[in-house]
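Student: Between the sequences and the hints, there should be enough to build the whole structure, so can you do that?
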Amino acid sequence: MITRVSLLFAVLGISSCEPNLVDDPIPLASFSDVVINPSFPEYTDLNRDGGFKDISNLKDAGVRGIIVYRKSATSFFAFEKNCSYTPNEACATVEVHSSGLFMIDPCCGSSFSFEDGMPSGGPAWRPLRQYRTQFDGGVLTITEEILN
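Under the working numbering, read the sequence shown as residues 1 to 148, first letter to last.
Calculated directly from the structure, the hints in this document are not laboratory data. Idealized CB from N, CA, C, for every residue including glycine. Possibly wrong hints are sitting among the right ones.
[What the hints assert, rightly or not] Only pairs whose alpha carbons sit at most 16 Å apart, straight line, appear in this in silico EDC-like list of lysine to aspartate or glutamate:
{"id": "1", "residue 1": "Lys71", "residue 2": "Asp45"}
{"id": "2", "residue 1": "Lys71", "residue 2": "Asp49"}
{"id": "3", "residue 1": "Lys71", "residue 2": "Glu115"}
{"id": "4", "residue 1": "Lys71", "residue 2": "Asp116"}
[Stated by the list, open to error] Simulated DEER-style distance windows between Cβ atoms:
{"id": "5", "residue 1": "Thr44", "residue 2": "Asp24", "range": "34 to 40 Å"}
{"id": "6", "residue 1": "Asp60", "residue 2": "Asn37", "range": "18 to 24 Å"}
{"id": "7", "residue 1": "Ala90", "residue 2": "Val35", "range": "29 to 35 Å"}
{"id": "8", "residue 1": "Pro25", "residue 2": "Asp60", "range": "17 to 23 Å"}
{"id": "9", "residue 1": "Glu89", "residue 2": "Asn57", "range": "19 to 25 Å"}
{"id": "10", "residue 1": "Pro123", "residue 2": "Leu101", "range": "16 to 22 Å"}
Tutor: See the structure below:
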């Protein structure tokens, strides 16, 4: 009997050492394909490598909107603005940091890389949701297909 009680306390002790990770998933979003032409004046920021554009005002795309990032002339990333840490909180919305070098959720303090949406600081441990992009040389299409 003493062995069982000791084992129970050992298991409880080990499990209490694990970090308290929030595991709420980002809600799913259903939206029509978003098609933008980076050569249009409102998208001039997407005409340079490292450029980004918040397209939250278009077609209710994403849960809280989408940030588009241009990695190169032919490679674009589309990230969900709903923070991956406590995504159901009213303030869990990512924006581009004023430096333009990364994305941040001012509510929880998590920061995310433009390269892959992975957290680079703060309590978030999951990447931002990334949507599929297709670029045909003139038109960028963002679909609701989730890549991660």
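Student: The structure should be examined with respect to each hint, and the outcome stated for every one.
Tutor: Taking the hints in turn, this is what the structure says about them:
{"no.": "1", "hint": "Lys71 <-> Asp45", "in the structure": "12 Å, holds"}
{"no.": "2", "hint": "Lys71 <-> Asp49", "in the structure": "5 Å, holds"}
{"no.": "3", "hint": "Lys71 <-> Glu115", "in the structure": "8 Å, holds"}
{"no.": "4", "hint": "Lys71 <-> Asp116", "in the structure": "10 Å, holds"}
{"no.": "5", "hint": "Thr44 <-> Asp24: 34 to 40 Å", "in the structure": "36 Å, holds"}
{"no.": "6", "hint": "Asp60 <-> Asn37: 18 to 24 Å", "in the structure": "20 Å, holds"}
{"no.": "7", "hint": "Ala90 <-> Val35: 29 to 35 Å", "in the structure": "30 Å, holds"}
{"no.": "8", "hint": "Pro25 <-> Asp60: 17 to 23 Å", "in the structure": "19 Å, holds"}
{"no.": "9", "hint": "Glu89 <-> Asn57: 19 to 25 Å", "in the structure": "22 Å, holds"}
{"no.": "10", "hint": "Pro123 <-> Leu101: 16 to 22 Å", "in the structure": "20 Å, holds"}
In summary, the structure agrees with every hint in the numbered list given earlier.
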